[in-house]
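From first to last, the protein sequence lines stand for chains F and R. Counting from 2, one number per residue, gives the positions in the first sequence under our numbering. Counting from 2, one number per residue, gives the positions in the second sequence under our numbering.
Keep in mind that the hints were calculated from the coordinates and are not lab data. A few of these clues could be false.
[As the list claims (entries may be wrong)] Listed next, with one range per pair, are the computed distances between beta-carbon atoms:
hint : chain 1 : residue 1 : chain 2 : residue 2 : range
1    : R       : 355       : F       : 104       : 41 to 51 Å
2    : F       : 82        : R       : 152       : 55 to 65 Å
3    : R       : 194       : F       : 185       : 22 to 32 Å
4    : F       : 224       : R       : 564       : 22 to 32 Å
5    : R       : 305       : F       : 224       : 20 to 30 Å
Glycine residues also receive a C-beta, built at the ideal position from the N, C-alpha and C atoms.
Residues per chain, in single letters:
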Amino acid sequence: MDFSIASILLLDGMTNGAVYALLGLATVLVFTVTRVIFIPQGEFVSYGALTLAILQTGKVPGTVWLLMGLALVAALMEWRSSGLKSGLKTLLLPALASGLTWWAAPLQLPLLIQAILSIAVVTAFGPLVYRVAFQSLESASPLVLLIVSVGVHFAMTGFGLVFFGAEGYRSPSFWDTRFNLGSLTLTGQALIIFIAALALIAMLWLFFERTLFGKALRATAVNRTGARLMGVSTHTAGQLTFLLAAMIGAISGLLIGPSTTVFYDSGFLIGLKGFIAAVVAGLSSYPVALVGALFVGVVESFASFWASSFKEVIVFTLILPVLLWRSLTTVHSDEEH
Amino acid sequence: MLNFLTSWKWLILFALVPLVAALPLPDFWIVQLNYIGLYALTCLGLVLLTGVSGLTSFGQAAFVGMGAYTTAWITLNLGLSPWIALFIGLALTGVASLLVGLLTLRMSGHFLPLATICWGLALYYLMGNLDALGKYDGLLGLKSLSIGDFDLGQGRAFFVLTWLILLTAVVGVTHLLDSRAGRAIRSLKTATQMAEAMGINTFRYKVTVFVLAAWLACIAGWLMAHFQRTVNPSAFGLKMGIEYLFMTVVGGVGTVWGALIGSGLVKLLDDQLQTLLPKLMGTSGSYEVIVFGIAMVLILKYLPEGLWSLVARFLPKSQRKVDWAEAAALPERSKPKTGELVLDVHDIRKQFGGLMAVNGIGFQIKAGQIVGLIGPNGAGKSTTFNLITGVLGLTAGHVQFRGETISGKSSREIARRGMARTFQHVKMVADMTVLENVAMGAYSRTHQGVLAGMLRTNRQEEKQLFKEAQRQLERIGMGPLMHELAGNLAMGPQRMMEIARALCADPALLLLDEPAAGLRHKEKQALADVLRQLKNEGVSLLLVEHDMDLVMDVCDHLVVMEFGTLLTQGTPAEIQQNPAVRAAYLGTEH
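Chain F on its own, in the form it takes in the complex (with noise of 0.2 Å):
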């Protein structure tokens, strides 16, 4: 291996892992609001990728279906629970995306408008997967919750299957050009890549540290009856970090798209690649994922070259470093539950 070689397989893993730590802040986002490991992140990762290139062809894709389904029980459960306006007001959204989308799909929109589209289909997704299937457990311990997010992956990839079928699809990057630095090239698509991290990363700490709401959501994340208390919603906050989630999950899916082969359940292995980086900040800091993400990323990219059958085995071998690190470093409380 030369310098050149390096330096490309560097610039490959810190663009991958860019995307990592999208998700690795969205897993510690979720986690530190509702305590649930939300393993299902992956998913929004595929149905935004996959979303996009059912558009390019020009069909409706199958998420707006399965959009309006989810809905419709997300409304019912809601008009149960609080009457037939709330109801109604949870179909809003969801109506609005796949009415637009499914209106805007044959006409062949330009990139980027189906890219906005494709978002705020998946976005929408986001609110109703955590009224229908968290919002009346938010008392249960992380346990259940983290079985209940596997139930949901579950669920999310066989829906993947039936309205996207088993094909595999590559969506178009959004920029072709090419940089040459010297031995290394840099992609237009790298580029957005890194920009969009980091604008996201910063959109996020703007939101968290400068308004209202970014503080409400942090007030729950702290003490879930306290903030009840203090008017803050915790079916709200619950339903706007999962918004926040599934946004930051779409946008990792039309980043990534480009440069790999998506099928119905990729978006899980990137979910989790990303998730080990939230791991190496023990759930909790959003800096250190970011650092723990670019890290996976560059030792996938590494590990591609040397024993590329053995990339995924090296992978997720590095937890256990990881959780050793971990373990060594934080003091243990004996309560957790």
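Use these hints to put chain R onto chain F, whose structure you have.
Just chain R now, with coordinates in the frame of chain F:
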């Protein structure tokens, strides 16, 4: 064997296995039952792990895979007998699970499931990429299991083998859970702090349970490999790992029968869905995951105890038979003589960040004394209490117990030296009986471990334990309640139960953290009587309490704290006259 099969019920179950095999069932159903037995064996491990101990693993399929691949590779390449390969597989699985357990179980509960997801994936890709293991095609042409020339590996013979192993495991686990070690395991889910205060090494038990569960999975894998006579990675991936957990949750994660019901139901449902759903959809694909996923969410929402709970409702509840009347008493530790110095707290400090919660507290307790620690809310009483018992670490100062420095030791080590405590908020295992909860107090006075529990070679000691527990319950007047579930008791009896549990430890010093909180007047009087009785029996007591009537009534010496510092100490009469104490409680006139 007689010890192991303690009741006729077990014998009947064991006898049923060959009977079922003799029935004229179609072979298809025997094969189904074989698979159900194999799955149930793995699920049984999950019952122990998830249902009883509150630890979750999505990686059990990987342990099944380890058992299967080990025997496949060894029998194919080295030509060894499968029976030898079983033990090599168990050894490997033991090492792997020990490693994962040691790394993750010290941290809070959700790191284990995460680690097992990654570990399951890593092992799956490893199996799928190693040339020696035949990559994704796996290994073919395994021998069937046999003893001598008798083929055990197929059809009805295999059914009998699998189900006898399964039932043996069920009996072993059931016995284990009803033993000294088992009660420790049952405390892992909700009451680790209490368990540590009883001298139980909870971390060691967590690791033990994890390894046991992995071993059950490994045995299932070994059986499966020789039954299918081929192994390939797809049966041991993460999806299967999750499915095992799903089976257990469906059946009822808290009981051994849940494992059997769950694996049976899911296996049958799985087969139906795998043929039905692709027909409905018009294409092939694993659509059953949708149903499983949704069912998992629904069950956790509406039937968190699983399907077995529907059956269990109609089963008669049997009471533990009192068979320990003749048992010998447990040995007692040497007690300090009256007037001897028991506890010496010297200038202890505790700092939380910028807050000095306890600042320079010092006092002594002599044998046979009741010392009260009082002070307004937020004075640092409970922190002092936790510092002495080792729940919190000291920032400065030291504590001596019977002449030995105990500061810096864990609460478990301190408990083993004869210091027993109760908790401000009652800590107990709610689904165990009062008697079983109280017996936990004598944990550090007894020795029988996990294996003895499974094989029931622990009967003698168990009888001694229960005799001691009953004696302590009767001592405080709770004898009639001993078969009640602890969670069903009212607040007062629960607090009394904690005292009985602490007494079971045969303590030289008993620390009670607000024992009268939430008690009614009558219960308080009973408590005062019990405390005086204990004092007469020569037990030393440290009492943190708000109820001044009780404190003034029973204590020999009072230590008053305010804002983390020592306000004063003296006899109750002196304290009542002390103007500084009055000011602290009632405020001053300006």
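Tested hints:
1. R:355 with F:104: 41 to 51 Å: At 60 Å between Cβs, range violated.
2. F:82 with R:152: 55 to 65 Å: This hint holds: roughly 60 Å between Cβ atoms.
3. R:194 with F:185: 22 to 32 Å: 55 Å, violated
4. F:224 with R:564: 22 to 32 Å: 25 Å, holds
5. R:305 with F:224: 20 to 30 Å: 25 Å, holds
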